[in-house]
Structures are given as structure tokens and as C-alpha cells.
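Got chain B sorted already, so can you dock chain A onto it with the hints?
Going down the list, the protein sequences come from chains B and A.
Sequential numbering from 1 applies to the first sequence in full-length UniProt numbering.
Sequential numbering from 1 applies to the second sequence in full-length UniProt numbering.
Everything labelled a hint here was simulated from the structure, so no lab data went into it.
Treat the hints with care, as some may be off.
If several chains are the same, the list does not tell them apart, and a pair holds so long as it fits within one copy or across any two.
[Unchecked claim] Quick list of in silico lysine to any residue cross-link-like pairs, SDA-like style, CA-CA up to 25 Å:
1) 45 to 111
2) 70 to 150
3) 45 to 193
4) 150 to 167
5) 150 to 305
6) 150 to 319
2 protein chains.
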Amino acid sequence: MQRIVVLAGGIGGARFLRGLKSAVPDAEITVIGNTGDDIHLFGLKVCPDLDTVMYTLGGGIHEEQGWGRKDESFAVKEELAAYGVGPEWFGLGDRDFATHIVRTQMIAAGYSLSDVTEALCARWQPGVRLLPMTDDRVETHVLIDDPDSKEGRRAVHFQEYWVRLRASVDAQAVVPVGADSAKPAPGVLDAISEADVILFPPSNPVVSVGTILAVPGMREAIAEAGVPVVGLSPIVGDAPVRGMADKVLAAVGVESTAAAVAQHYGSGLLDGWLVDTVDADSVRAVEEAGIRCRAVPLMMTGTEATAAMAREALALAGEVQA
Amino acid sequence: MQRIVVLAGGIGGARFLRGLKSAVPDAEITVIGNTGDDIHLFGLKVCPDLDTVMYTLGGGIHEEQGWGRKDESFAVKEELAAYGVGPEWFGLGDRDFATHIVRTQMIAAGYSLSDVTEALCARWQPGVRLLPMTDDRVETHVLIDDPDSKEGRRAVHFQEYWVRLRASVDAQAVVPVGADSAKPAPGVLDAISEADVILFPPSNPVVSVGTILAVPGMREAIAEAGVPVVGLSPIVGDAPVRGMADKVLAAVGVESTAAAVAQHYGSGLLDGWLVDTVDADSVRAVEEAGIRCRAVPLMMTGTEATAAMAREALALAGEVQA
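In isolation and in its complexed conformation, chain B is listed as follows (with noise of 0.2 Å):
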């Protein structure tokens, strides 16, 4: 049996894995979630990045959207703004609350967020072992100008980065916080040591797969794994596909193009590379790199397009091993 990891943020990485287990239904894949995205509101641990997963492959997910319950409704959310208890930014639905309860009562017991993960996706089976990058806190922030404070900029939480200011000033620099004293959690450098093959999703490569990255020892598990890593790239036609990576792209001096996030990466760690049809322009320069490419129609329109993209990206890998 193929044993697969695939490196995970939120929609775009559940998507991508949807597609994969289609293409390769009896592969066993583990899913490192990444939780750099995880917020406390209301007293509640918000796992954004580990839910959207859960939810889209457990059936759960409200698919136009991406994240978030499907049939949901917003009884909590209202009443809490009538008591003036925000913020109101984040969209947290009343059958989403119950997860974060269930959560947060387990943690309050003593419980690892790994075990719970594991309790929730009991209920879920989303068909892959969805581990957490870490059972450590590790919080993403993005450092923004503000002229209003005296050293001319402050640090905001990635979520109100990407939530409430959607983005729409320049991050000058993203940090982990808390990673550099993170452990991988349980199970995660065994699942990639014992790995036949190790995926990037078209994640964000700064707040997703990078954070993941980010936690100590992990990007030399899988640059020492000796299997083929292959990556898909999130970039199309100089854009993102969705979300606003180029503001944090920009933000660790990358540029905004699939052979830009493919050196970023590196032939230390990546062994092949996808871009979609309209950048094959770029596979010359992203095999100068030392990184094996091939230019396929990279979006992932529905559970087909991207089984054939998952498919792409195993024959990739097939051929870098060879």
C-alpha cells in the first residue's frame, strides 16, 4: 500500500486531498495540518487550517464557501455581538461552535491537541490520518505598517490579517510565533519517515506549507526521507489561484510566479514541481533549479480535475525516483 504525507493548510489543501484520495483511493495518507492559523476567541482553540480538512473530507463542508459547516446558522454569533463581545470578523457558525467546544473542554482536561484532532475526526472518519504539525502553540503574525504607533508598525494575527484587513496592506514580514521552540507532534516524523512519497498541495507556500516547515526538524525529515518530494504549484498565470499569497509572498522576497515558489522551496527539499499549462514558460527556469517539472492544468475545478492533478503529481514523482 502507498504510503503518501501530504503537507496541508486549508481549503486549497483539503481540496487537493479530496482529489487525491479519489485518484488513489487505497493509499494510506497522512495529513500534517498546519495550526500556525489557530486563534482562541471567545476562550475557544479555533483550529481553522485542521477543521477545513476535517470538515471537507468527512462530507461536512460548506462547499461554495470552503470553510465552514455547510447548513449552518449564526444563533451564537449574533448574540454574542449583542452583548458587544466580538470580534465579528471571523464567521464562526453555531455547528462549527461545537466543535470548538468540544475542543477546548478536551485540552481543558489535559488532552493533547493530537488526541483531540483524533477524537474529533472519530466522528468525521475523513479517510486520512490528519495529524497537527505540533501540540505546541504556534501562532502566525504578520507585522504591518501603522503610523499611529511609535515604532511605525505592529504585529496583527494572521487571521485578522487575512480576515478582517482581507489583506489589503502590504505585510512586511510574516513570523511563527512560537515555532522555533515547537516539537513535531506525535506520529509526524515517523509518517514521514515511513513515507513512499511526500506532497506540497497548493497551499500557500509563506502561512501554510511554510509554517509547517517551520517547526524544527521537520524540513530535514522529509529533505532526508529519501523519497520523491513533488509539489503542486498554488500560483497560476502570476497569480494565486485563491486567497491573497502574494501579499506574503512579497513579504519573504518572493515573487509571485510558479518558478518563483519552486526555487523558494529549493532542490534541497522539493524533487518536483507542477505549474499549470499557462506557466510553462516557467518549467525551464524551475528545472535549472534542480527541480524536476511538468506543466499540467493545475485547477482544481472539481473532484476529477483535481484526482488528475494528484495523479500528475504521483507520476512526477514516480519519474523523479526512477
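Chain A in isolation, oriented as in the chain B frame:
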């Protein structure tokens, strides 16, 4: 301006207060609320009696039910059940959840229950000053027979006895755990000492008013306030008007009659007592116990009927003072 202190439980106390406000709209009413039935559920602090008073006087109550919010939905509870997380027997609605989330978040941030109650009331504007009896944790437990346990009996939380078991088994004892070391909340003793009259609404004499009186200093402050203390019988025609007060009265060795409840409070505490007209026979026994007594209609069938009860209570207070 007349200053009135009312010791209140949940539904009975809340409905009486609505009548009292209607009867004397200009009075300054301080409510000392029972917190012995508070319970921690799903990691959240739930205060059923305080909330019933707040929602009832603030216009948010589910009228027919007497507790919980009107226009309520139950998505969070459904989801918690889908995760296998209970208890399912306690009916927490989505709107109600928001109150407990705000309260729990404030408590975790270091605020006292008094602070929290004031903050919640800033939204609801109940038109009374609502004070918890104490900021300390008090939890009413009920001792019931349990043939399966080694001791032959076990203690359950009052809510489990009342809501899950519906008082269907005998209560051997009622214990307000923590009451012996609890202190009256800020403002409680001052309100009592500055009161012109103190009222016991037709609330449960054991688990509502009795729990409030169990806080050290409370009973003495009321007895020594030097103002009329008048109660209204929650027992009409030898049966509780609502709820299952007879079960917990039996646990403290008190008959379920209007006269027996008055004698249970005693003339050291009570100056006046109202019984229902169907219990006119018991007036003499109450007066022989040194408590002025009148028989008046005591069914809270609506705000006007309840306002009339409040006026009778205040009239009796004037009479005992004269």
C-alpha cells in the same frame, strides 16, 4: 424611594419579580440570586437561576417554558451530541450558549461572577440590581438511594436530580456544597442592611431561598436588618405550584404545606407570610408560630395577578411594621 430586597430562585422568583416591578415601578429592587444550581457543562459556567431572572425581566425569556431563550435553536447541542459529548438532558440552546460563553470567558479573564452578572445585565436591562448570592462556588448536591453503590446512596448535582431524574426518586439530603465557606457577594449585605423590606418570593424554600440563606452571614443579616421580612408560599393546597418542591422539602423533614414552610423559615426570620386562599385554614397555625399571615390568591397566572400578590406582600410588610 422604597428599597426592596428579594431572594430569588429561578422561574418562580423571576415571575414574581415581574409582578413586583409592575406593582411598584419606582421601587429600587435588589435581587439576591441563587447560584447553588450553577453547573459547569461543556467547559462553560451555566447559571440557570441568574439567567432566568435576567431573561425574564429583560424580555428574552421563553414564556411558556419559563426558562431559556425565546426564538431559540439547538444547533450547537445537536452537534455536541453528534460528537458523543453530553449531557443531552440539559437543554442549552444556541442563544443561551452565547451567554455562557461570555460568562466563562470573563471568569477566565479574572472577573468575579458579580462583575459578569453586571456586564450581562448591561445588555438585558432587567430593571433590578441582580446580585449573585456569592462569588464563590457553591453547588447544590442531592443525596439519593443507589443500591448499586457500596454506600447504598450517592450524591448527584441538583440539576441532574431536577432535570435528568425529574425528582423521580426520593432526596435523602440536600447539601449546598461549598456554602459553609462562601462569602456573600459584594453589595449583598449592604443591600440587606439598607432595605426597607425583604421579600421571599414563592421560590423553592430548600434549593432556592434555602441555599441563599445557607451562605454564612446571610440569615443573620436578614434577621438583624430590622425591617419587615415577608414571604409568599410556594405551596398551594398541599402541593408545589410548580416544580417538585415537595421532594426536597421531605429531605429536610418539612411537610408540603403552606404552614409548614412558614414554620421552617421560622419567626426568627419571617415577619409575614402569605398563603393562598385555598389554604386559609392554615393562617391560624402560622400566626401561632409568631408570623403574621394572610390568605390571598397566590397563582401567578399573569403579570396583573402577580402584581396583586406583590402588593399584598408589601401591604403585609407595612402591617407588621406598624
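Here is what the structure says about each hint:
Taking CA atoms no more than 25 Å apart as the test, residue 45 paired with residue 111 passes in both settings, with 13 Å inside one copy and 20 Å between copies. In this assembly of identical chains, residue 70 and residue 150 lie within 25 Å of each other by CA distance neither inside one copy nor across copies; the values are 44 Å within and 49 Å between. For the homomeric pair residue 45 and residue 193, neither the shortest alpha-carbon distance inside one copy (30 Å) nor that between copies (45 Å) is at most 25 Å. In this assembly of identical chains, residue 150 and residue 167 lie within 25 Å of each other by CA distance solely inside one copy; the values are 22 Å within and 63 Å between copies.
In this homomeric assembly, residue 150 and residue 305 never come within 25 Å of each other (Cα to Cα): the closest approach is 50 Å inside a single copy and 64 Å across copies. Taking the shortest Cα distances, residue 150 and residue 319 never come within 25 Å of each other, neither inside one copy (54 Å) nor across copies (68 Å).
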